[in-house]
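Peer 1: Residues per chain, in single letters:
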Amino acid sequence: VLDSARSVMSEDVLTVYDDARVGEVIDLLQARRISGVPVLHRKDPTSGGHDAVVGVVSGTDIRRLAAHSQPGEANGRGFYLDDRSGPYLRGLDLGAVRDVAVREVMSTSLVTVAADDPIRVCAQRMVERRVHRVLVTSGTELQGIVSSTDLLRLVAERRLQTPQADISPTQSGAGEEAK
Amino acid sequence: VTTTEAIRAADVVRADTAAVTPETRLREALEIMERQHVSGLPVIEPETRRVVGVVCRPLAAYAVPAEENPGFEVEPVFYRDTVEPETEAPSSDVEAQVAEAMSPVVIDIPANTPIDRLARLLVDLELHRVLVVEDGALLGHVEALDLVALIADGRLVVPATGK
Numbered sequence: 001v002l003d004s005a006r007s008v009m010s011e012d013v014l015t016v017y018d019d020a021r022v023g024e025v026i027d028l029l030q031a032r033r034i035s036g037v038p039v040l041h042r043k044d045p046t047s048g049g050h051d052a053v054v055g056v057v058s059g060t061d062i063r064r065l066a067a068h069s070q071p072g073e074a075n076g077r078g079f080y081l082d083d084r085s086g087p088y089l090r091g092l093d094l095g096a097v098r099d100v101a102v103r104e105v106m107s108t109s110l111v112t113v114a115a116d117d118p119i120r121v122c123a124q125r126m127v128e129r130r131v132h133r134v135l136v137t138s139g140t141e142l143q144g145i146v147s148s149t150d151l152l153r154l155v156a157e158r159r160l161q162t163p164q165a166d167i168s169p170t171q172s173g174a175g176e177e178a179k
Numbered sequence: 180v181t182t183t184e185a186i187r188a189a190d191v192v193r194a195d196t197a198a199v200t201p202e203t204r205l206r207e208a209l210e211i212m213e214r215q216h217v218s219g220l221p222v223i224e225p226e227t228r229r230v231v232g233v234v235c236r237p238l239a240a241y242a243v244p245a246e247e248n249p250g251f252e253v254e255p256v257f258y259r260d261t262v263e264p265e266t267e268a269p270s271s272d273v274e275a276q277v278a279e280a281m282s283p284v285v286i287d288i289p290a291n292t293p294i295d296r297l298a299r300l301l302v303d304l305e306l307h308r309v310l311v312v313e314d315g316a317l318l319g320h321v322e323a324l325d326l327v328a329l330i331a332d333g334r335l336v337v338p339a340t341g342k
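Top to bottom, those sequences are chains A and B.
Here this note's numbering is used: the first residue of the first sequence is 1, the next is one more, and so on.
Here this note's numbering is used: the first residue of the second sequence is 180, the next is one more, and so on.
One chain only, chain A, in its complex shape (with noise of 0.2 angstroms):
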């Protein structure tokens, strides 16, 4: 069914975990030319189960830790916001900030949807969050992103329409009738 995050989502999301260093995510971002990548803490070996998401880390939080050469408050809105726009790895001592733990330069805030839900839940998070990006999550496991992109691609096949009019049209035309 369209009507479902799941239906839109990408499943096949990056992710770094919250062990790796801030080079990585440097490379990584660079080479894929994303803003930035959900941080995964690894599942315990011996209890099974799944790697949980515990934060985002972007571009945006790179480039205050390197500017200010310790974390700057990590909102997570280089994450959520998309920003790929501007030169904002650039002339900044990287090699300084390389070998930081992706954890320690990481927001936790974590915007979420469920697979299940309705696009227009996944709508409604971006506008009241003013962010671009959700991530779906069931518990703590992600299973996917939907961005904002994903709902405007939606909008330029027209795969999305106005509502039907209401089907009691003497109610409708009722207020003119009373003049």
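In case anyone wonders, no lab produced these hints; they're calculated from the structure.
Mixed in with the good hints there might be a few duds.
Sample of chain B residues lacking proximity to chain A, with all beta carbon distances greater than 10 angstroms (derived) [said to hold, decoys possible]:
| hint | residue |
| --- | --- |
| 1 | Ala189 |
| 2 | Thr203 |
| 3 | Arg204 |
| 4 | Gln215 |
| 5 | Glu226 |
| 6 | Thr227 |
| 7 | Arg228 |
| 8 | Gly232 |
| 9 | Val273 |
| 10 | Asp314 |
Here are some chain B residues pointing at chain A (derived, C-beta under 10 angstroms) [said to hold, decoys possible]:
| hint | residue |
| --- | --- |
| 11 | Val302 |
| 12 | Ile330 |
| 13 | Pro338 |
Remember, it's a predicted structure, so these values are computed and weren't measured experimentally.
In this text, a Cβ means the ideal position worked out from N, Cα and C, and glycines have one as well.
We have chain A already, so just place chain B on it with the hints.
Peer 2: Leaving out everything else, chain B in the frame of chain A:
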């Protein structure tokens, strides 16, 4: 009518878009960006409101040839960015005019453009923001989230399917 053609750019346009002219001092343009929490402004001819470019910060970023940073600065940040802007580096000559620092890239659509075509433009060019013009004059701009809001508000819905 139940198609997306029923909704046009004019129905979702933000008409309060701040703009400057080529003669505006950069200092003033930066102050407007600061006040409005935006990273760029359209540049218009004062008489006609015709758009001639955009000015974005950090100003210095646009003085660098694009080939030195391929992929990241094809379009000025104005059309993409929705993030809190960077603080301007003190080295910029803020007493110069906007014309000295603006980008001539104009990405705009007529106000009567149906939103499915507007969405197509944003998706294909990976933009988050586009200017809207009427009779060649700046009317305002539309952001990607303004179209998302149509879905959030139930003004665009998934067609009912016969189960």
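Peer 1: All the hints need checking, so say for each whether the structure fits it.
Peer 2: Verification of the hints:
no.	hint	result
1	Ala189	15 angstroms, holds
2	Thr203	22 angstroms, holds
3	Arg204	23 angstroms, holds
4	Gln215	15 angstroms, holds
5	Glu226	31 angstroms, holds
6	Thr227	29 angstroms, holds
7	Arg228	26 angstroms, holds
8	Gly232	17 angstroms, holds
9	Val273	19 angstroms, holds
10	Asp314	26 angstroms, holds
11	Val302	5 angstroms, holds
12	Ile330	4 angstroms, holds
13	Pro338	5 angstroms, holds
Checked against the numbered hints above, the structure breaks none of them.
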